[in-house]
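Protein chains in written order, with the numbering used here: chain A, 1 to 112; chain B, 113 to 226.
Be careful, since some hints might not be right.
[Unchecked claim] Below, in silico cross-link-like pairs of lysine-lysine (DSSO-like), each with a Cα-Cα straight-line distance of 30 Å or less:
id : chain 1 : residue 1 : chain 2 : residue 2
1  : B       : 161       : A       : 83
2  : B       : 213       : A       : 57
3  : B       : 161       : B       : 181
4  : A       : 70        : A       : 9
5  : A       : 57        : A       : 14
6  : B       : 213       : B       : 161
7  : B       : 181       : B       : 213
8  : A       : 83        : A       : 14
9  : B       : 180       : B       : 161
10 : A       : 71        : A       : 9
11 : B       : 213       : B       : 180
12 : A       : 57        : A       : 70
13 : A       : 71        : B       : 213
14 : B       : 181       : A       : 9
15 : A       : 83        : A       : 70
16 : A       : 71        : B       : 161
17 : A       : 14        : A       : 70
18 : A       : 9         : B       : 213
19 : A       : 70        : B       : 213
20 : A       : 83        : A       : 9
21 : B       : 181       : B       : 170
22 : A       : 83        : A       : 57
23 : A       : 9         : A       : 57
24 : A       : 57        : B       : 170
Derived from the structure by calculation, the hints contain no laboratory data.
Quick caveat: nothing in here was measured; it's all calculated off a predicted structure.
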Amino acid sequence: DGGITQSPKYLFRKEGQNVTLSCEQNLNHDAMYWYRQDPGQGLRLIYYSQIVNDFQKGDIAEGYSVSREKKESFPLTVTSAQKNPTAFYLCASPTAGGNTIYFGEGSWLTVV
Amino acid sequence: AQSVTQLGSHVSVSEGALVLLRCNYSSSVPPYLFWYVQYPNQGLQLLLKYTTGATLVKGINGFEAEFKKSETSFHLTKPSAHMSDAAEYFCAVSSYFGNEKLTFGTGTRLTIIP
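Chain B extracted, bound-state conformation (with noise of 0.2 Å):
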């Protein structure tokens, strides 16, 4: 069984400061990790991805997330936010083992103050 929870359906951050986007997992096997983005009106777009090797993921727009396996965590950062960052996005896992469904957590929208 799996489980992804994202702290906080609600982040608001100034533009040009730091965007920590929080999730945490729960996986009985070796996880696979994503972080989606999502406008408005739209199917979800790959930010990033860990699958396995360096911990350290840096993905599209300037994201990057880390996979701590002791701490179960995958946090989505960003140094310096943009206003075209507004959106919404989710944490995912898989299991490593074949088993390809994604679960999801329950998203969180990003907000940009100007």
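This is chain A alone, in the form it adopts within the complex (with noise of 0.2 Å):
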């Protein structure tokens, strides 16, 4: 079955260590997205792309970085600049026209 895959699970970042958050889909969609998920604040949009070797900035770019080198895949990393990482990151990958969107089962992120 298709779907999308994070991994790991649970990670630990010591401070001023970057860590990098993996996303892939095998479900052949151009489109694929990171947020991140607090308590009582809903999702917020990190950084999208719509196409291989192409990303553009969410709501809350600042501190992370990613990279669209394949189609599968759309790893994110969370840098030393993230001043405060601990939260669930979701990846996320639209049907073209955007009326489906499918989740991963998410990444919970710890600093240590």
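Hints in hand, dock the two standalone chains.
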């Protein structure tokens, strides 16, 4: 079955470290998104990519970076510049036209 | 620009009672509207969606929602709550004309009272 796979499920980061969250999809979708979820704040868009080798900043891109070298993959790097990275991160991918959007199972990032 | 407002961050209903979760949206173009459910430590699962056509949309697990353009609303209902409905629910909007970024509401946590 097609879907979105995020890894790792749980990740711990030390202060000053960069960490990368993986997102892979086998849906053959062009677009992929990264959201951050904090309690009581819903989901906020970090970065999105509408096509390979192109991506755009979302609403809260500071302290994050992405790449889109392959259609199937959209990794998110949480850099040391992100001052409050502890959150639940969700990768998503819409169908063409955007009338259905699929989500991964999410990744928990905790700063220790 | 688009936005979503979910009224009530926490809603509690008794088992067997009506579930009503409210969502109002703002969009400058015809919207696509979605309801997602999230169980603890999991991703989001699509409950139902409105794109075009019939304004009363039926989804999974007995939920339905009605798109009311005049009220800019897309409230989620279920006639009889079940314990397994306890979860967080998100309303979201995207636009018809290809802007596929979803804008989410802040979520409503539904608690079912036995």
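Results for each hint:
| no. | hint | verdict |
| --- | --- | --- |
| 1 | B:161 to A:83 | violated (36 Å) |
| 2 | B:213 to A:57 | holds (11 Å) |
| 3 | B:161 to B:181 | holds (15 Å) |
| 4 | A:70 to A:9 | holds (22 Å) |
| 5 | A:57 to A:14 | holds (25 Å) |
| 6 | B:213 to B:161 | holds (15 Å) |
| 7 | B:181 to B:213 | holds (21 Å) |
| 8 | A:83 to A:14 | holds (12 Å) |
| 9 | B:180 to B:161 | holds (13 Å) |
| 10 | A:71 to A:9 | holds (22 Å) |
| 11 | B:213 to B:180 | holds (22 Å) |
| 12 | A:57 to A:70 | holds (18 Å) |
| 13 | A:71 to B:213 | holds (18 Å) |
| 14 | B:181 to A:9 | violated (39 Å) |
| 15 | A:83 to A:70 | holds (29 Å) |
| 16 | A:71 to B:161 | holds (26 Å) |
| 17 | A:14 to A:70 | holds (29 Å) |
| 18 | A:9 to B:213 | holds (24 Å) |
| 19 | A:70 to B:213 | holds (20 Å) |
| 20 | A:83 to A:9 | holds (21 Å) |
| 21 | B:181 to B:170 | holds (17 Å) |
| 22 | A:83 to A:57 | holds (18 Å) |
| 23 | A:9 to A:57 | holds (24 Å) |
| 24 | A:57 to B:170 | violated (34 Å) |
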